[in-house]
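Student: Each chain, letter by letter, is given below.
2 protein chains.
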Amino acid sequence: MAGDVPPLAPGATIGILGGGQLGRMLALAAARLGIRSHIYCPETDRPAAQVAASTVAAYEDEAALTQFARAVDVVTYEFENIPGPVAAFLDRLVPVRPSPKALAVAQDRFLEKSFLRDAGIATAPFAEVSTSDGLSRALAEVGVPAVLKTRRFGYDGKGQAVVSAPEDAERVWAEFGNAPAIVEAYVPFTCELSVIVARGLDGRSACYDPVRNDHEQHILARSTVPAGVSAAVEARAKAIAERIVAMLDYVGVMGVEMFFGADGDDGLFVNELAPRVHNSGHWTTDACVVSQFEQHVRAICGWPLGSPRRHADAVMGNLLGDAVDRWRELSTEPDTALHIYGKDGSAPGRKMGHATRLFPRGADAESVERRMETVEP
Amino acid sequence: MAGDVPPLAPGATIGILGGGQLGRMLALAAARLGIRSHIYCPETDRPAAQVAASTVAAYEDEAALTQFARAVDVVTYEFENIPGPVAAFLDRLVPVRPSPKALAVAQDRFLEKSFLRDAGIATAPFAEVSTSDGLSRALAEVGVPAVLKTRRFGYDGKGQAVVSAPEDAERVWAEFGNAPAIVEAYVPFTCELSVIVARGLDGRSACYDPVRNDHEQHILARSTVPAGVSAAVEARAKAIAERIVAMLDYVGVMGVEMFFGADGDDGLFVNELAPRVHNSGHWTTDACVVSQFEQHVRAICGWPLGSPRRHADAVMGNLLGDAVDRWRELSTEPDTALHIYGKDGSAPGRKMGHATRLFPRGADAESVERRMETVEP
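Top to bottom, those sequences are chains U and H.
By the working numbering, the letter at position 143 of the first sequence is numbered 143, and the numbering carries on one by one without gaps.
By the working numbering, the letter at position 289 of the second sequence is numbered 289, and the numbering carries on one by one without gaps.
Fair warning: there could be bad hints in the mix.
No distinction is drawn between identical chains; accordingly, a pair holds when it is met within one copy or between any pair of copies.
SDA-like, lysine to any residue: derived pairs with alpha carbons at most 25 Å apart [said to hold, decoys possible]:
1. Lys238 <-> Pro334
2. Lys238 <-> Thr332
3. Lys238 <-> Phe79
4. Lys238 <-> Glu333
5. Lys238 <-> Glu192
6. Lys238 <-> Ser331
What the hints contain is simulated information worked out from the structure, not anything from laboratory work.
Please read these numbers as outputs of a predicted model, since none were measured by experiment.
Kindly produce the complete structure, drawing on both the sequences and the hints.
Tutor: Here it is, written out as structure tokens:
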């Protein structure tokens, strides 16, 4: 039984697939607990490798993967687009958490939505698409406007196309590149919420308070907590997230993105599962005793989960591209925590860092709006 | 003018002399800001080198020091017992902060106490000692009981001997090993306080709230904030600390240890200056937006200092020797932040980690006592 596995003690090493900022913040959190990190990624001098041991090798390099597996006590990942066979290969040598099965569900939009439907969790109407004719049939089923999305490897709005009318099907499909896809009906919504949920090896789970996310050009710009929705909606959002991780027998932190339409039992639709720490949970580093990063390390090491309680309200703003140059002014703000990822060059939309503004707890909706306006990275 | 020096931007590298837990926590704090660290220490696999680049070489190795200086933008240190000539050597190649001059004062108890006396800051009566006869003369001057301390390289009660009666002078001196020393009168005190103060390149300074320290066998066991003294005493302690860093033209974080006798203008005596981040400031990592570690990095990089405001009351307990095995139970406590240093073996009294328990702000003296009892690492 999973609950009987002894926790990894300080001095153990976690292996992290991926060398970006999420891996970096995982490694920094692990170091606090005396747990070492070993980064595996194909590129040199990535943000995570600056603060931990690292292997630079291709994901398909089985000799390097084997050596990596032998050097670590558990393997996790900081992004979901690692090749499925890599996770399965490693899982035969060392525990991989979250499991390759959960990864397989989360990295394929059709499997993900099908899992949610089977679990009785509301999503936008969706259908699988693999041909131009199939797209026409799917549009007839889910209605227009709809969004065509690749089943795999999409992020930040990449791999998506809007279909406004049934007669556009053939043209959109041709432009889209013929990758296996899913079409989703457009669901009117008031805002996007996300829940950072964690589940331990012992089967217990814990949710941070839901946040409200605002995007600019399909990239997360700001996350605000509290989200400004009713306590009932918050509780429902958390219950959905906890149900998802329980049904997947999940171990680790997951980001669950939801559309919020309106109060009531049918006002929340799950949009996407991220089987990893999530950008919309970065505020937890500064507003909670145990951040999402430490929480993930605790979970995959078989430790008890930490408390998700927050001591402050918070607005996290991403520093995209040249906005990272705002570090000078942000460093003068007394209640702002600044995080810069150590990337070697900025590009438009590239996530270079973030800033979290903290506020005393007890916001009303109006002051949340005001706070959001104060963060304009 | 110092204030005109531009701050080091993210991507810069700080060099840290010393590879222990203080260097480790400095490097972790620097990483959050996108600032790299390069550790210099004589031993392999030290805690700090696990989370940053490192050079393993003797402090006397001038070729290695030169290469180190070329790889970094500023040099700092995590302990005050580095050889003085090393700091001076590096300072000719790259800025060393705090300055070698401040280091020289803080690493010699006689220079330190003389500086404080000249600055009009109260200390225990003291006198320099370099011979057995000199000890007798000094005891006649400062009285007994008194404590004989080496001028340099003492820590955690090492290099100290109590002299209870004038006639013991010859025996104590013979046992002591004839190192240059200082004798200090025993000052009756209620408790030890310390203030973590920071001063930036621009000359501005900031103090965290004073803490009350409890020792066991001369090693810090617990630090508690608030300290349980009056607001007037807190303000005086902070004013003393800010005066010290101003007079030394100091840049960085300093730990100022004081004895508190009684309320009133003459109830505080400065015992020791630590020209670095300090064990009694570890609680700031979990109770403040900007920790003492980030504060030090900000100061030496020419950034504005962060706010020293705390959002919680806190008790920090050191995990000494085998007490580190308590990580299992401590990891189950909801408002406790656990820190383990990654050392390869425990020994009695060795600092292996610490735990900080957080409490809502607003303690009275009685509840502070209760809290201290709850932390028994």
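Student: At most 25 Å between C-alpha atoms: does Lys238 with Glu192 qualify within a copy, between copies, both, or neither?
Tutor: within (14 Å within a copy, 46 Å between copies)
Student: Using 25 Å as the alpha-carbon threshold, which applies to Lys238 and Thr332: within, between, both, or neither?
Tutor: Between copies, since 22 Å is at most 25 Å while 35 Å is not.
Student: If the cut is 25 Å between Cα atoms, do Lys238 and Phe79 qualify within a copy, between copies, both or neither?
Tutor: Classified as within: same-chain Cα gap 23 Å, cross-chain 47 Å, threshold 25 Å.
Student: As a check of your reading, is Lys238 near Ser331 (CA-CA no more than 25 Å) within one copy, between copies, both or neither?
Tutor: Between copies only: 24 Å across, 34 Å inside.
Student: Give the relationship of Lys238 and Pro334 under a CA distance limit of 25 Å: within one copy only, between copies only, both, or neither.
Tutor: between (32 Å within a copy, 19 Å between copies)
Student: If the cutoff is 25 Å on CA atoms, where do Lys238 and Glu333 land: within, between, both or neither? Let me know, please.
Tutor: between (32 Å within a copy, 22 Å between copies)
Checked against the numbered hints given earlier, the structure satisfies every one of them.
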